[in-house]
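J.: Each chain, written out:
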Amino acid sequence: MSEKITAFFASRRGIVLAGGVIGVLAPLLQRLGNPPNMGICVACFERDIAGALGLHRAAAVQYIRPEIIGFVLGSLVAALLFREFKARAGSAPIVRFVLGVFAMIGALAFLGCPWRALLRLAGGDLNALLGLAGLATGIAVGVQFLKSGYDLGRSYRTYTAVGWIMPLLMVGLLLLLIFRPQFSPDGPIFFSKSGPGSLHAPLLISLGVGMIIGFLAQRTRFCTMGAMRDVILMGDTHLISGVGALLAMAFVTNLLLGQIRVGFVAQPTAHSSHLWNFLGMMLAGLAFALAGGCPGRQLFLSGEGDGDAAVFVLGMIVGAGFSHNFALAGKPDMVVEGVVKVGGLTTAGMVAVLLGLVTCLAIGFTMRKAE
Amino acid sequence: MAETEYAVVLFYSTQGAIKAERALLRAGFAVKLIPTPRQLSSDCGTALRCAWADAEAVQAALEGAKVEYASIHKVTVNE
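In order, the protein sequences belong to chains A and B. So our numbering is basically just the index in the first sequence, starting at one, shifted up by 21. So our numbering is basically just the index in the second sequence, starting at one, shifted up by 12.
By construction, these hints were calculated from the structure, which means they are not laboratory data. One or more hints might be untrue.
[Unchecked claim] Every beta carbon over 12 Å from chain B, so not counted as near; a handful from chain A, in silico:
#	residue
1	75
2	118
3	325
[As the list claims (entries may be wrong)] Dumping the calculated DSSO-like pairs for lysine-lysine here, alpha-carbon to alpha-carbon at most 30 Å:
#	chain 1	residue 1	chain 2	residue 2
4	B	78	B	44
5	B	86	B	44
6	B	44	A	25
7	B	86	A	168
8	B	78	A	25
9	B	86	A	107
10	B	78	A	168
11	A	214	B	86
12	A	390	A	107
13	B	78	A	390
14	A	390	A	168
15	A	214	B	44
16	B	44	A	390
17	A	352	A	390
18	A	107	B	78
19	A	214	A	25
In this text, a Cβ means the ideal position worked out from N, Cα and C, and glycines have one as well.
Given these sequences and hints, build the entire structure.
T.: Here it is, written out as structure tokens:
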């Protein structure tokens, strides 16, 4: 039985099912309360968690998102059930941390992870096309580094307890979400009263959806970065067929729910500064490629015991703190008295994205093994 | 449909698979990068495929070229 299930999830039908399920559930989460075109966004939701913990003070984006907790715990359950939980670590953790920080800075310049880019497109936000083009470009540059010997070194099996650290951190976050302790009069845990952070589906539904997706993604190895990398590196379309299913099903679901508005300007939690949408996601794509996985995949890996992926996730959460404390994140377009005010990046944000690109290129050029 | 037997070599990273591909092509083996079959591992997404008849020689060549690999598996494909 176990072998049959594994074979199904390994098949094209399995990856299409996983992508399709994400594509249906994300717009439903939006309908149930999550922010517009943000049914699921790993970068935004980790940013909200950073805010809830007080790592940044942007009052509009603070909430402990149960979906992120569910992703890790769902993956953990799948890995334990199918005997794939393997504690491992030791592949250049500090580099992965830095890549996580800049991946988040790039993603928040665009205002979304690859999943949200797809969901934004499926909701009619055409700015996502620039983001996806940037993502593909960043991954293509990363693939060139892979081909020319870039290597962070292998991970090694380690104490089982190491693999449990990330799942236990997620259990801790869940407890903070449920009990909402106040550690000081004006201190965390923070929960947004307005803005995207205040918009959320019911806790148990969000957690359940997160766990279903975590389970499916662990079984199928769903990864948006891996999908583009496999097409560029090997011409293989297995993973990208799952990504295509996500986009198609999200579009159909949005259509049925009346959640589509086509255009560039004043889309929900988005800006139409095209160059920085492109460059932000190019930075994110390059960082994902150098680290070996998109933000979702890093969560799923951390759920099956990968300590290096966990370090990348922590880097992303810290990166969210930098993004909002230093005003590096993209500002959404605004409509003021009927006039559209195009958003985008501050000068500091632009410098941070360029610094991130230079840092990632330096990592790619300098961390190569001679043959 | 004919059954073909392949050897699938797994690595610890995509970079490892690419390095191995280069070394084996240089040594004259017919190899191909493929996504790691999900049944074999949940790890890194890239593996290497060659004819099962070449498995032992490929193993020796990888060891000779000091390219680290995780494991080798026999996979039968209906083509």
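J.: Taking the hints in turn, state whether each one holds.
T.: To see whether the hints hold, each was checked on the structure:
Distance to chain B confirms residue 75 of chain A as a non-interface residue, since its nearest Cβ pair spans about 35 Å, more than 12 Å. Non-interface call for residue 118 of chain A relative to chain B: holds, since the shortest CB-CB distance, roughly 18 Å, exceeds 12 Å. The Cβ of residue 325 of chain A sits about 6 Å from the closest Cβ of chain B, inside the 12 Å cut-off, so the non-interface label is violated. For the hint pairing residue 78 of chain B with residue 44 of chain B, the CA-to-CA distance comes to about 19 Å; that is within 30 Å, so the pair holds.
Restraint check for residue 86 of chain B and residue 44 of chain B: satisfied, since their Cα atoms lie roughly 15 Å apart, inside the 30 Å limit. A threshold of 30 Å between alpha carbons decides the hint, and for residue 44 of chain B with residue 25 of chain A the separation of about 27 Å falls inside it, so the pair holds. Straight-line distance between C-alpha atoms of residue 86 of chain B and residue 168 of chain A comes to about 26 Å, which keeps the hinted pair within the 30 Å bound. Proposed proximity of residue 78 of chain B and residue 25 of chain A is contradicted: the alpha carbons are some 36 Å apart, above 30 Å.
Straight-line distance between C-alpha atoms of residue 86 of chain B and residue 107 of chain A comes to about 23 Å, which keeps the hinted pair within the 30 Å bound. For a cut-off of 30 Å, the pair hint linking residue 78 of chain B to residue 168 of chain A stands: about 18 Å separates their Cα positions. Among the hinted pairs, residue 214 of chain A with residue 86 of chain B is inconsistent with the structure: their alpha-carbon atoms are about 57 Å apart, more than 30 Å. Pair hint residue 390 of chain A plus residue 107 of chain A holds up; C-alpha atoms about 26 Å apart against a cutoff of 30 Å.
With a C-alpha separation of about 12 Å, the suggested pairing of residue 78 of chain B with residue 390 of chain A holds against the 30 Å cut-off. The straight-line distance between the Cα atoms of residue 390 of chain A and residue 168 of chain A is roughly 11 Å, inside the 30 Å bound, and the hint therefore holds. For a cut-off of 30 Å, the pair hint linking residue 214 of chain A to residue 44 of chain B is broken: about 54 Å separates their Cα positions. A C-alpha spacing of about 22 Å is found between residue 44 of chain B and residue 390 of chain A, which places the hinted pair at or below 30 Å, so the restraint holds.
In summary, the hint linking residue 352 of chain A to residue 390 of chain A is not supported, as the alpha carbons are separated by about 40 Å, beyond the 30 Å threshold. Among the hinted pairs, residue 107 of chain A with residue 78 of chain B is consistent with the structure: their alpha-carbon atoms are about 25 Å apart, no more than 30 Å. With a C-alpha separation of about 47 Å, the suggested pairing of residue 214 of chain A with residue 25 of chain A is violated against the 30 Å cut-off.
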